[in-house]
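Put the two chains together into one complex; each comes in its own frame, and the hints tell you how they fit.
For the protein sequence lines, the chains are A and B, in the order given.
Numbered continuously in numbering that gives the first Met the number 0, the first sequence closes out at residue 294.
Numbered continuously in numbering that gives the first Met the number 0, the second sequence closes out at residue 321.
Don't take every hint at face value.
[Stated by the list, open to error] Quick list of simulated restraints, FRET-style, between CB atoms:
(1) A:L280 with B:T249: 21 to 29 Å
(2) B:F141 with A:Y112: 34 to 42 Å
(3) A:R132 with B:T249: 40 to 48 Å
[Unchecked claim] Just some of the chain B residues that point at chain A, by a computed CB distance under 8 Å:
(4) A122
(5) V255
(6) L259
(7) T291
(8) L303
[Claimed, not checked] These stretches of chain B come out as covered by chain A in the derived footprint (C-beta under 8 Å, 3 or more residues):
(9) 124-130
(10) 170-179
(11) 283-289
Worth flagging that the hints you see were computed from the coordinates, not collected in a lab.
We put the CB at the ideal spot given by N, CA and C, even for glycine.
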Amino acid sequence: MQALYAQLLVGLINGSFYALLSLGLAVIFGMLNIINFAHGALYMMGAFCAYFLLHLTGIGYWWALIIAPIAVGIFGMILERTMLQWLAGLDHLYGLLLTFGIALIVQGVFQNYFGSSGLPYAIPDYPEVGGFRGLQGGMNLGFMFLPIYRGWVVVFSLVVCLATWFLIEKTRLGAYLRAATENPTLVRAFGINVPRMITLTYGLGVGLAALAGVLSAPINQVRPLMGADLIIVVFAVVVIGGMGSIMGSIITGFALGVIEGLTKYFYPEASNTVVFVLMVLVLLVKPTGLTGRTA
Amino acid sequence: MSALTDDTLPVTPRAMRDEMIMFAAMAVLLGLVPMSGIYPFFVMQALCFALLACAFNLLIGYGGLLSFGHAMFLGTAGYCSAHALKVWGFTPELGILVGVAGAAALSVVTGFISIRRQGIYFAMITLALSQLLYFIYLQAPFTHGEDGIQGIPQGRLFGIFDLSKPTVLYYVVLAGFLGGFLLIYRTINSPFGEVLKSIRENEQRAISLGYKTDQYKLLAFILSGTIAGFAGSLKVFVAQNASLTDVHWTMSGEIVLMTLVGGLGTVFGPVVGAFVIIAMQQYLAGFGQWVTVIQGVIFVACVLTFRRGIIGEIAHYFRRSL
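One chain only, chain B, in its complex shape (with noise of 0.2 Å):
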């Protein structure tokens, strides 16, 4: 079986130095942002899809594990908030906390039934979990239905921070993002993260060297999840709603497409990607159904001649680790 990212480079101490300095010059660029009359509404929403990439990015680049259901921590988590927030009245602070909490229960119980399996099969368990989780919130009174859960209040941060004033919003959109890709990078960089990668490339060897791996999947899957959820908890407060959209399972097809357009496997492809197809989304929104053509193309173009992505071929080019 051939691998399925391009990581041949080893990490060296250059390579990380090379990655310090990327992320160093996307926190200043994204800090920028207020001031430069971009429409902040669209990199906020970028944003939250970029973690969510990473975090999908997590389990496949690094664990070599295709889940085809990550929209089911998006939405659960955003249903979570945006209850907790709406019917329950609580701060954003605590409303983030229940989505969170409740993206990490469900990563525990579907990872716990998916990861028995590799490949193919791994992606079609996580693939038909999350539509059962789908039909579920259908018909759950709480979520509402096709209207979804609306008008959610965005309150104030710690009681400091007003996230009503976009400014606010975005800065603390921002530093969530941030943090969680952080989280991200220094686990791929850590011991766990290199048996991780050991497992990716060679399963059987990592577990006739001791590694009991099932245990460093699921605690690769449930770490996704919950970053995933954490994401999904951001985005209600920039869309002030969760809605169905967020659980079906076309949204897990364009995180997976996001992934691939940006560079499975490296750290700042899923960012990149995410950028790209939201702002194809923003852009092209007067095609209508031609948008989702174009999706498909870049999908079958990804896969037949461009399988490094944006961010793996420029790394590719430079023979960098990025």
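Next up, chain A with everything else stripped away, as it sits in the complex (with noise of 0.2 Å):
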């Protein structure tokens, strides 16, 4: 039972991931209709903004979930006003072909300067907290013992997708936001500056990347490959998903990640594919995705 209920918090674990990234991707796809391919690599480099904070200044894990989403963040604004703001209203297979040049391009340089090989990350030792020292060592739930990074991953990204969600959903800048998606000429005509807000979308997306990558790096080693294989389950994630909702792609990353830890603990070989698998089942059944909209 101990070694069920740790799959399961691996599968939680990944889920969160999966959840953030393909959160981005649904935010990007939605503003921009671009399947953001350089998400894997923009993860990654999340994940070396925190080990560059704190290796060449000293900043540490708390500063750097703040700091490495801004700083990726401004990094694809970039991207967005040099590059693919040149694409609007071509096919929307460009933008997939350009981003993953880009990708191509960042792993490249990566791998150039750092091989292939991981650098460690260390699980933040403070502050202080009731005999807690930081968010290291773990606790006895009884039934099996929880890491409390572990745990601290699963419950921050929850918190962060929700927040999103609201954002998006429930506010007024969310409305204006869907509203944009809808009808950017219409959204225009009140006055509202659209292609600043699909820039500032980008951001958003690719700010989520890079907390993802942030949160990883204690876990997973940073790695310039570390997005590369990952962005392909997560955009199996989306196909299942069905790029609708916001939530869908919440649940559906959290699901998949659960499903995936199960299937590591009852049928380790098919651990690789069952997301691929399922991905295959839901669409001879429903070819839009769980929550999809048409394409």
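This is how it looks when you write it as structure tokens:
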């Protein structure tokens, strides 16, 4: 039973990353109609950003959680302004190809300087609260041992996902955003700067990816290709979820992480493929994905 | 939605004649390679990828379908052929047949699943399906995981042509390439190809005209996957191995890059693109990972400023269809 709970926890953590990444993809897809192939590379940049902050300037994990998403988000906004912007009105596939090229460049540069092996990033040991040193150590829940950091990742990403959902579905800014997705010309006529909103949205989606990168740095090592294979699974998550709603990508992300964890416990050989098999099954029954709108 | 390709020129008898002249020139040039002192292994490899890119181009350039998982046909046919040749001791022609049949069967299954969606969704589904296969091949015993199937015997084709002789192998690969190329060329200039183009331009209208577009797209997908598999089987004889790199999604990306550089939806573009990219990998190998960066830069540059590709730009400049 211990092993089952451990796999469930791993599944929830992977699910957190899937949710954060597919959420960012959904936000970007909604506004720019681009499948952001560079998402994995930007996730990796988030992790590296945390690593640089710690080893070059001594700035620790807590600040990195804020600084890295902003820094990578700004990088993303520069990409949007200098390149992606020029593809508006062209076939969506060009966006996919362009971001694929950007991913190759970013990953290639990091591979040149850091090789393909991983760099360690320590779990923060401050602040000290009630006998716990930062997020290190763990606690015994009776039925299983919970490393604090892993619990933190699940809770924190869930909060971020829900906050993003709230921002987009419940606030005035989100309403503008959704309206601009539906009909940019009309929204523009109301005096809203749509291009700027698109840039900010891309920055937000990219920031979410970078945030996931910082969260994953202490668990998985910081590697140039850490996002390259993960992103394919996230694409499968997105296809299953259907890119319809923000909530859809959050729920699908977490659910698939858990299913993957369960598979690892009951039938480990299929753990790498279960997401793809599920995708095939879902598509055969419902070609639009679970919550999808039509393409 | 703006079209992916620059194909505004009508197919006239003159265009057909231009393309025939180009084809003859290409065949003669490639036929002279063994006498020229150019490293034949490099050209053979490029020919396999050229056929692969042409097969891919059949889908995107004429059907408007971007498959981001075409490596799965290359890799599957490679593994099937390699296994048949090495373990079962099949003759080369039967080995190729097994590989092509494997790719054809795979394209029927994957086509049936992926053809239901369009645009980005289609790209992502093909990508995910090929990654599914990658993990299966990683674990399946017959592929030997990371090692791949190595030391494949080349044998005698039809009991006559000794494939272990580089020149003989070269002409066999060249014949395979030209045959596959002509098959694609015939397809795009057939009534079937015309329907395919109309689906690319406006699928709703094609449906309203009474065409069952899903069937056309599925047939194009199967044809493309099968020819890509043929390229994969030929590649087994050239490289004498079948490995995981051929199934990984980065290979699918390279196929897209070759076609994009040469020109999407042009007849000769994928061939030129394949030669450019393979030559680049060959001669820039010393730069290590910078090759990846250079490929990324080419991708970005093509998409931003050079969308017609090399052949597409030339054809546009001369107002010819190539």
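Going through the hints against the structure:
1. A:L280 with B:T249: 21 to 29 Å: Roughly 27 Å apart at Cβ, these two residues keep to the hinted range, so it holds.
2. B:F141 with A:Y112: 34 to 42 Å: holds, 39 Å
3. A:R132 with B:T249: 40 to 48 Å: holds, 42 Å
4. A122: holds, 6 Å
5. V255: Where the cut-off is 8 Å and the nearest Cβ of chain A is about 7 Å from V255 (chain B), the hint holds.
6. L259: holds, 7 Å
7. T291: With a minimum Cβ separation of about 4 Å from chain A (threshold 8 Å), the hint on T291 (chain B) holds.
8. L303: holds, 6 Å
9. 124-130: Held - the stretch 124-130 of chain B has 5 residues with a Cβ nearer than 8 Å to chain A, which meets the minimum of three.
10. 170-179: The restraint on the stretch 170-179 of chain B is violated, since only 0 of its residues have a Cβ under 8 Å from chain A and three are required.
11. 283-289: Three-residue rule met by the stretch 283-289 of chain B, so holds; n is 3.
In this structure, the one hint that does not hold is number 10.
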